[in-house]
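Q: Residue numbers (the numbering used here), protein chains in the order written: chain A, 1 to 310; chain B, 1 to 303.
Just so you know, these hints were derived from the structure itself, not from any lab.
Backbone N, C-alpha and C fix where the C-beta goes; we use that ideal spot for every residue, glycine too.
Accuracy of the hints is not assured; some may be wrong.
[Unchecked claim] If we take Cβ atoms under 7 Å as the criterion, some of the chain B residues that face chain A in the derived model are:
id: 1; residue: Leu58
id: 2; residue: Ser62
id: 3; residue: Asp65
id: 4; residue: Val70
id: 5; residue: Leu78
id: 6; residue: Leu79
id: 7; residue: Asp96
id: 8; residue: Gln254
id: 9; residue: Pro255
id: 10; residue: Tyr256
id: 11; residue: Val276
[Claimed, not checked] Not everything, but these chain B residues come out facing chain A in the computed CB check (under 10 Å):
id: 12; residue: Met1
id: 13; residue: Tyr13
id: 14; residue: Arg14
id: 15; residue: Pro17
id: 16; residue: Pro43
id: 17; residue: Arg74
id: 18; residue: Ile134
id: 19; residue: Gly193
id: 20; residue: Ile224
id: 21; residue: Asn228
[To be verified] Pairs of lysine to any residue, SDA-like flavour, derived with a Cα cap of 20 Å:
id: 22; chain 1: B; residue 1: Lys189; chain 2: B; residue 2: Tyr8
id: 23; chain 1: A; residue 1: Lys173; chain 2: A; residue 2: Tyr228
id: 24; chain 1: A; residue 1: Lys59; chain 2: B; residue 2: Lys25
id: 25; chain 1: B; residue 1: Lys2; chain 2: B; residue 2: Ala191
id: 26; chain 1: A; residue 1: Lys12; chain 2: B; residue 2: Glu140
id: 27; chain 1: A; residue 1: Lys12; chain 2: B; residue 2: Thr269
id: 28; chain 1: A; residue 1: Lys173; chain 2: B; residue 2: Ala145
id: 29; chain 1: A; residue 1: Lys164; chain 2: A; residue 2: Leu117
id: 30; chain 1: A; residue 1: Lys173; chain 2: A; residue 2: Pro60
id: 31; chain 1: A; residue 1: Lys12; chain 2: B; residue 2: Ala145
id: 32; chain 1: A; residue 1: Lys62; chain 2: B; residue 2: Glu223
id: 33; chain 1: B; residue 1: Lys189; chain 2: B; residue 2: Glu162
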Amino acid sequence: MALDPSYLRYDKRRYGMDHERYAWSMLVDRPKVNWPNGARIALWLSVHLEFFPLNPEGKPFKLPGGMVTPYPDLRHFTLRDYGNRVGVQRLLRLFERLRLRASFPTNAAVALRMPSLLRDLAGHELVGHGRDMDHPHFGGMEEGAERSLIAESLAALRGASGQKVEGWISPGKSESAATPELLVEHGVRWFGDWINDDMPYRFETARGPLVALPHSLELSDRQILIDYRHAETDFTDQLLDQHRFLAREAAATGSGRVLAITLHPWVIGQPHRIFALERALEAILREPGVWNATGAELCQSWEAQQSRAP
Amino acid sequence: MKDDPGLYDYWPYRDRPKIEWPGGKRLAFWVAPNIEFYELDPPLNPQRKAWPKPYPDLVPYSFRDYGNRVGHWRMMELLDRHKIRGSVSLSVALIDHHPEIIQACVEREWEFFSHGIYNTRYCYDMDEAQERAIIEDSIETVQRATGQRISGWLAPALTHTERTMDLLAEYGLTYTCDLFHDDQPTPVKVAGGRRFCSVPYSLEMNDSITFNVQNITPRRYVEILKANFDRLYEEGAESGTVMCIPLHAYLIGQPYRLEPFAEALDYITGHDGVWVTTGREIAQHWLANYYDKAVADIAAKAA
Chain A
1 MALDPSYLRY DKRRYGMDHE RYAWSMLVDR PKVNWPNGAR IALWLSVHLE FFPLNPEGKP
61 FKLPGGMVTP YPDLRHFTLR DYGNRVGVQR LLRLFERLRL RASFPTNAAV ALRMPSLLRD
121 LAGHELVGHG RDMDHPHFGG MEEGAERSLI AESLAALRGA SGQKVEGWIS PGKSESAATP
181 ELLVEHGVRW FGDWINDDMP YRFETARGPL VALPHSLELS DRQILIDYRH AETDFTDQLL
241 DQHRFLAREA AATGSGRVLA ITLHPWVIGQ PHRIFALERA LEAILREPGV WNATGAELCQ
301 SWEAQQSRAP
Chain B
1 MKDDPGLYDY WPYRDRPKIE WPGGKRLAFW VAPNIEFYEL DPPLNPQRKA WPKPYPDLVP
61 YSFRDYGNRV GHWRMMELLD RHKIRGSVSL SVALIDHHPE IIQACVEREW EFFSHGIYNT
121 RYCYDMDEAQ ERAIIEDSIE TVQRATGQRI SGWLAPALTH TERTMDLLAE YGLTYTCDLF
181 HDDQPTPVKV AGGRRFCSVP YSLEMNDSIT FNVQNITPRR YVEILKANFD RLYEEGAESG
241 TVMCIPLHAY LIGQPYRLEP FAEALDYITG HDGVWVTTGR EIAQHWLANY YDKAVADIAA
301 KAA
């Protein structure tokens, strides 16, 4: 038995990455980034507004959070829908009290089905998030189909809100090989699918660069409370430990850091869970040097400082 | 296929010849950072797919890339603070991709051992020549970049063949990290009767198992590490034990995990009877002083 000889050929064994999407660099070696007013921590909240169809096709794969039981899976459909009816309002009330603004990656289906919800998000940032949670972008998908999916998703948000909508998170962070190019083609400036950094960086596409923002997969209510089944108080601890570490690193290096928190109203918006976020945010906001930013503001602040680099 | 790997004989954990670590220490403590390169588009091994989704499966890929871009430096600074030299389980191709990381480890006199060429190239179905090729590549590439000749091996993504241990010993390596059968070094039976041993690495204390598989909280990881240490330290008074913490910068280097983790290292290195060392040094000391006694004791107890 032997493997094909090509298995021991390493065509991309070279300095840097094994692809052309971004340059290799260690965070520790990069120029300092200064946030507005000398802030050390940019607090970036992303609240996902998702529509999970009752009749998913699951092709070519299911995205996390979708239907589980045989059709009609009322329990999962309504529990997800709870987030868009009740949970999100609970979050908005909390944000209002703490004077916080958030980014809302929003499925087009949510914008079309719940126009009043979009009006309730006035003052917050809308972010492209695909059609719904049964339409992943994926390797091998037909380019024309993906182009219309992106065009339709952005048009729904732009039409309903009047916002420019220049940010994007793919459903399930799943992309095809062409997604970054198609995003640029549709006026997107930043996206948050790749989870390899704690700071923004430049991402190359054949149609010009995007800014990759450090949108968190790990520090997410769904990951920690649902997938890992940690207690609510453990979620609070992890948010606060994240802040503590990043604030110390920012002080030690003299460079700002991003504290990115990813939320799903159907998870954190439950009455028995919201306190975990509330306590963490209250504690973080008592610390000095916290700048509450949207994705667009982060992107803009970071980009404006790049021209100074060689 | 065999019903037993045949790599070691049964040897109960009682009344063994007493191990003393250098300086009369009772527990040999080593930390093994896995410094890995995963490819975005690796060739397919017939036995195992690297990524579940079609190319580009960017989530698991970029998850791991985080370790090299961000996590490594934080983890390294934490080990510096505790005067711990890492024993690097290295995807050897990372020497070409990210020489800055290698240089930083060389400056700290860390040990390097091989973890294959990429962690997305598996040994399943390799023939002998192919397996020799990756061992030779590892020896030569690490030697050229670091001046060190590798002594240890952790199979890439823990993928083995029946002949792996024989080949490692033939090339002069002295220890394997791939066996989880004991809390002390043990002889490994290899072709030609060469002196080759298993140095306890760990899956139980490994951050990839605790976080990726068992999904435990960062603070509970610290409790588990302390409990593991306490028991091994106590038993080490009778005969020296080994504790390893295998790490991955993409996991432990996340701020919310590294923040509590520091306490575990404070605790362990705060004990007088701990020999803070590397895999190679454990293997060297044990092979020189205890290998023959172990082989004799195993034979005597089997009789």
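Q: Need the list of violated hint numbers for this structure, in ascending order.
A: 5, 6, 11, 12, 13, 14, 15, 19, 20, 21, 24, 27, 28, 32
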